[in-house]
Amino acid sequence: MEAAAADHHKIEGEGHEFLVFRLGEEEYGIDILSVQEIRGYEGVTRIANAPSFIKGVTNLRGVIVPIVDLRLKFNIGNADFTAQTVVIVLNIGKRVVGVVVDGVSDVLSLTTDQIKPAPEFGATLSTQYLRGLGSLEDRMLILVDIEGLMTSEEMALIDEAT
Amino acid sequence: MSINLDEFYQTFFDEADELLNDMEQHLLQIDPDHPDEEQLHAIFRAAHSIKGGAGTFGLTILQETTHLFENLLDQARHHERNLDAATIDIFLETKDMLSDQLNAYRQKTEPDQQAYERICAVLRALAEEHSGEAARATAEGQVPGSQDNAGSAGAAAGSAPEGLAITVTGVDSDTAASLLEELSLFGTLSDQQHEDSTLSVHLVTETGEEDIHAVLCFVVDSDQIHFGSANREAVGSVPRTIVVSGVDADTAAKLGEELALFGSLSHQQHAKDELQVSIETETGDDDLRAVLCFIVDDDQIRIEHGVSPPVTPSTAPEPVAEGSETSAVDGQTAQKHDANSTLASNRDAAQGAATPAEHSSATRTTGDASASRADKSNASGEAASLRVSIEKIDQIINLVGELVITQSMLEQSSAEFDPVTHGSLLSGMAQLQRNARDLQESVMSIRMVPMDVVFNRFPRLVRDLAGKLGKKVELVTEGKATELDKGLIERIVDPMTHLVRNSLDHGIETPEKRRAAGKSETGTLKLSASHQGGNILIEISDDGGGLSRDRILKKAYSSGLAVSDAMSDDEVWQLIFAPGFSTSEEVTDLSGRGVGMDVVKRNISQMGGHVDIQSAQGQGTTIRIVLPLTLAILDGMSVRVGEEVYILPLGAIQESMQVTDDNLSSVTGSERVLYFRGDYLPLVELWRVFDIPNAKQEVKQGIVMVVQSEGRQFALLVDQLIGQHQVVVKSLETNYKRVPGISAATIMGDGSVALILDVPALSRATVKREAPQDSRRHEAAGLH
Chain L
20 MEAAAADHHK IEGEGHEFLV FRLGEEEYGI DILSVQEIRG YEGVTRIANA
70 PSFIKGVTNL RGVIVPIVDL RLKFNIGNAD FTAQTVVIVL NIGKRVVGVV
120 VDGVSDVLSL TTDQIKPAPE FGATLSTQYL RGLGSLEDRM LILVDIEGLM
170 TSEEMALIDE AT
Chain G
2 MSINLDEFYQ TFFDEADELL NDMEQHLLQI DPDHPDEEQL HAIFRAAHSI
52 KGGAGTFGLT ILQETTHLFE NLLDQARHHE RNLDAATIDI FLETKDMLSD
102 QLNAYRQKTE PDQQAYERIC AVLRALAEEH SGEAARATAE GQVPGSQDNA
152 GSAGAAAGSA PEGLAITVTG VDSDTAASLL EELSLFGTLS DQQHEDSTLS
202 VHLVTETGEE DIHAVLCFVV DSDQIHFGSA NREAVGSVPR TIVVSGVDAD
252 TAAKLGEELA LFGSLSHQQH AKDELQVSIE TETGDDDLRA VLCFIVDDDQ
302 IRIEHGVSPP VTPSTAPEPV AEGSETSAVD GQTAQKHDAN STLASNRDAA
352 QGAATPAEHS SATRTTGDAS ASRADKSNAS GEAASLRVSI EKIDQIINLV
402 GELVITQSML EQSSAEFDPV THGSLLSGMA QLQRNARDLQ ESVMSIRMVP
452 MDVVFNRFPR LVRDLAGKLG KKVELVTEGK ATELDKGLIE RIVDPMTHLV
502 RNSLDHGIET PEKRRAAGKS ETGTLKLSAS HQGGNILIEI SDDGGGLSRD
552 RILKKAYSSG LAVSDAMSDD EVWQLIFAPG FSTSEEVTDL SGRGVGMDVV
602 KRNISQMGGH VDIQSAQGQG TTIRIVLPLT LAILDGMSVR VGEEVYILPL
652 GAIQESMQVT DDNLSSVTGS ERVLYFRGDY LPLVELWRVF DIPNAKQEVK
702 QGIVMVVQSE GRQFALLVDQ LIGQHQVVVK SLETNYKRVP GISAATIMGD
752 GSVALILDVP ALSRATVKRE APQDSRRHEA AGLH
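Sequence order for the protein chains is L and G. What the first sequence shows, in my numbering, is residues 20 to 181, in sequence order. What the second sequence shows, in my numbering, is residues 2 to 785, in sequence order.
Just to be clear, a hint being listed does not mean it is correct.
Straight-line C-alpha distance at most 30 angstroms; calculated BS3-like pairs for lysine-lysine [what the hints assert, rightly or not]:
| hint | chain 1 | residue 1 | chain 2 | residue 2 |
| --- | --- | --- | --- | --- |
| 1 | G | K109 | G | K556 |
| 2 | G | K514 | G | K469 |
| 3 | G | K487 | G | K514 |
| 4 | G | K514 | G | K527 |
| 5 | G | K556 | G | K514 |
| 6 | G | K738 | L | K113 |
| 7 | G | K556 | G | K520 |
| 8 | L | K113 | G | K109 |
| 9 | L | K113 | G | K393 |
| 10 | G | K393 | G | K487 |
| 11 | G | K487 | G | K527 |
| 12 | L | K113 | G | K255 |
These are calculated hints, taken from the structure and not from any lab test. Please read all numbers here as calculations on a predicted model, not as lab measurements.
Whole structure, please, built from the sequences with the hints as guidance.
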């Protein structure tokens with residue numbers, strides 16, 4: 020499961036590589052370069068009085084890492100834990116954050132013209148953190164600016180001061 | 002083509018910082034009337050090294066300042082200048098200026114030009130003031146030979162016009178000529194010889210060996226140059242006379258035998274318990290001495306050079322200074338080569354320097370001065386320490402922490418094995434456990450730094466402040482060797498500085514007041530550090546006026562704090578930690594504004610420690626700071642609430658017990674207090690604070706722990722005690738943020754994460770809840 024980000028090099032034609040994961044029935048894509056590794060979901064330690072989408076903290080080889088459940092954050096599906104449920108460990112700035120998703124499908128390369136601007140919609144996920152919608156044959160990928168999202172105030176992952 | 006010089010700059014800045022600190026220590030210890038030679042040399046060397054570095058990096062202003070400074074120091078160490086308190090003040094000021102300049106360069110800016118010009122003017126004026134007296138001073142410089150042998154020998158060798166034998170090997174006649182030309186600039190040359198590509202010359206000069214060496218290094222390599230006697234590097238065989246005192250005939254014979262192994266003995270004489278042997282050998286003094294030390298004591302041995310005339314072509318020994326035991330040319334070599342004897346004499350000298358002397362500012366540092374001098378001598382030896390970045394050390398500490406966790410995971414799994422069939426595995430596990438613990442302990446000790454580092458800042462502060470306030474203060478330090486985690490060391494400096502300032506400003510009285518009170522005019526400020534269990538105890542005590550109970554109460558009353566005359570002394574003293582509290586009648590620029598004591602207390606609480614005060618009116622005040630030794634490891638008790646495990650710092654726990662409803666009373670309906678040994682303690686229910694499901698909500702079913710923090714006691718309800726652990730503290734803030742009520746996290750033996758409770762925050766939560774305006778708010782909110 021270690022680092023799906025084996026190929027860091029950019030593919031010709033200004034292509035970006037995205038790690039595609041599922042939340043319920045929807046497919047999302049995040050920049051592969053923010054991904055450190057993918058691992059199974061293990062028990063977390065709950066943090067009192069934290070928002071519900073922060074599952075808690077876990078021990079990642081001696082580092083205490085917070086785990087965020089994006090399904091709860093985006094209100095998608097029933098947030099069950101199955102054999103497919105995985106944690107994508109992200110490296111954002113100098114911080115490490117784990118994200119619970121319903122499964123990782125593949126790594127795709129999208130060229131700029133495959134990325135369409137996202138229309139304005141509800142308040143659950145502000146377009147501020149959307150890089151656009153990727154269209155690939157009959158699939159639609161929701162491309163998330165994961166770095167912006169994770170460092171945002173609404174995720175409450177970092178102290179406001181920092 | 003770019004070479005990154007930053008690293009070199011950094012090294013230079015670090016070194017220069019250290020040198021300046023050393024310099025300050027020496028300047029403060031030095032006794033102007035009887036300056037210790039070693040210290041003068043050390044100060045000079047520090048200035049010299051900084052100048053060299055500054056020149057290399059093109060830091061012109063720093064170089065110029067150190068150059069002027071160095072000249073003055075050079076005169077001082079050669080007794081061409083008499084030191085007095087005023088001069089030392091100027092020297093200290095110069096040192097500060099150098100620090101400023103260094104900092105400016107560090108920030109990649111140019112130092113303050115005006116300040117630079119001013120200090121240069123001061124230094125030049127000082128230089129001119131004395132230049133007229135130089136001749137007389139030089140004559141005087143010879144006099145103070147009474148101090149100690151090693152010191153004065155070193156000085157004599159360096160100061161007065163002195164014959165210096167220089168041998169340069171591996172040079173052709175052209176180079177030899179240019180060398181001679183260079184050397185002739187320093188003084189009078191004689192006995193020049195150039196044979197077998199070896200140049201030997203006798204030079205009469207006032208210039209120090211180091212400087213000559215530096216000049217010659219432009220022409221030839223350092224290892225080609227040899228000075229004076231063969232003490233540094235044995236060049237050919239050197240005739241020496243060895244005198245061993247206090248030996249009987251048998252021992253003398255034995256010594257003779259031993260010595261004969263080294264070379265040819267030309268003359269051996271034993272009279273009046275004294276053995277005299279002339280030996281020609283290639284072996285160095287140190288080695289001879291080391292061998293003889295097996296038979297006799299080091300101080301019985303004296304090695305003299307120069308049975309032959311001052312200069313001989315091949316050997317070139319150094320004219321000996323007054324039959325001293327060391328023939329080393331300057332202080333540095335004396336120190337390195339003769340560590341034992343200099344150590345002893347250093348100690349004498351340091352004590353000599355510490356004897357009472359009418360210092361204009363009436364401050365002096367005593368305490369373990371001699372010990373620190375001894376350490377210094379050791380430190381000047383090579384490779385006594387290694388500079389490693391903190392990050393590397395922290396990484397090692399983390400990794401070792403991991404190792405210990407892995408080890409305990411293995412241990413838990415292996416516990417299920419049958420001891421009979423898996424005997425060797427289990428004994429291996431036991432060994433692994435021991436090794437892992439030992440490793441952890443030694444790695445943790447890397448981060449430990451002696452309190453010396455903190456205490457060393459204060460002699461200067463006390464000196465300056467006492468001068469400013471017109472008070473006489475003697476600073477005494479104890480327990481300098483007590484070690485404390487580096488992280489804590491850095492954070493203790495500010496609170497301590499504050500307390501020391503307070504003691505000087507408010508505590509110790511003026512000489513007149515002290516005289517009137519029948520005390521000696523000189524007040525004593527004592528800093529001490531010691532270990533107490535898993536804690537370090539730091540005390541700052543003065544023999545000043547003490548705290549005034551009445552004044553504190555009056556002031557507290559007028560600033561609206563809840564006070565009563567019935568309060569105990571301890572409670573009254575704690576009032577001075579209240580924000581904005583000051584009893585000082587006037588605000589000085591040192592202290593008295595009332596900001597400070599609360600900050601002191603807060604800083605110390607943040608480090609997991611606490612402060613208390615003992616004071617007796619008219620007799621003085623003692624402030625005691627108790628701190629944990631390290632922040633990286635914590636002794637904790639794991640407790641279970643519902644299905645969750647939390648760690649409670651062991652230091653905070655006073656008692657744990659089961660209680661019945663009889664001991665509980667409710668306050669304002671929802672809040673409860675526990676009656677415990679005559680006190681009502683607020684009850685904090687952990688399940689409620691952290692909103693933990695499935696917890697035992699009834700007090701009588703759970704366990705109540707009486708915990709204390711910041712001098713406040715409260716009762717904490719948990720479900721169950723699990724056990725005591727030593728846990729590695731991991732910050733939650735690295736990847737997450739601060740969590741109210743939680744100070745950090747740790748990893749348990751099974752690899753899971755447990756949160757460490759922030760006891761002071763929990764206690765503040767109860768305080769807030771007790772306050773009427775907050776009583777209706779939800780508990781958790783009170784934690785913010």
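Each hint, compared with the structure:
For the suggested pair K109 of chain G and K556 of chain G, the alpha carbons sit about 48 angstroms apart, so the restraint of at most 30 angstroms is broken. As the CA atoms of K514 of chain G and K469 of chain G are separated by approximately 17 angstroms, the hinted pair is consistent with the 30 angstroms bound. Restraint check for K487 of chain G and K514 of chain G: the C-alpha separation of about 40 angstroms exceeds 30 angstroms, so the hint is violated. For the hint pairing K514 of chain G with K527 of chain G, the CA-to-CA distance comes to about 20 angstroms; that is within 30 angstroms, so the pair holds.
Proposed proximity of K556 of chain G and K514 of chain G is supported: the alpha carbons are some 23 angstroms apart, at most 30 angstroms. For the suggested pair K738 of chain G and K113 of chain L, the alpha carbons sit about 13 angstroms apart, so the restraint of at most 30 angstroms is met. Of the pairs offered as hints, the one joining K556 of chain G and K520 of chain G holds, with about 28 angstroms between alpha carbons and a cut-off of 30 angstroms not exceeded. Taking the CA atoms of K113 of chain L and K109 of chain G, the gap is near 27 angstroms; set against the 30 angstroms cutoff, the hint holds.
For the hint pairing K113 of chain L with K393 of chain G, the CA-to-CA distance comes to about 17 angstroms; that is within 30 angstroms, so the pair holds. Between the alpha carbons of K393 of chain G and K487 of chain G the distance comes to roughly 14 angstroms, so the proposed pair stays at or under 30 angstroms and holds. Of the pairs offered as hints, the one joining K487 of chain G and K527 of chain G holds, with about 22 angstroms between alpha carbons and a cut-off of 30 angstroms not exceeded. Simply put, K113 of chain L and K255 of chain G have alpha-carbon atoms about 70 angstroms apart, too far for the 30 angstroms limit, and the pair is violated.
This entry does not satisfy hints 1, 3 and 12, going by the numbered hints stated previously.
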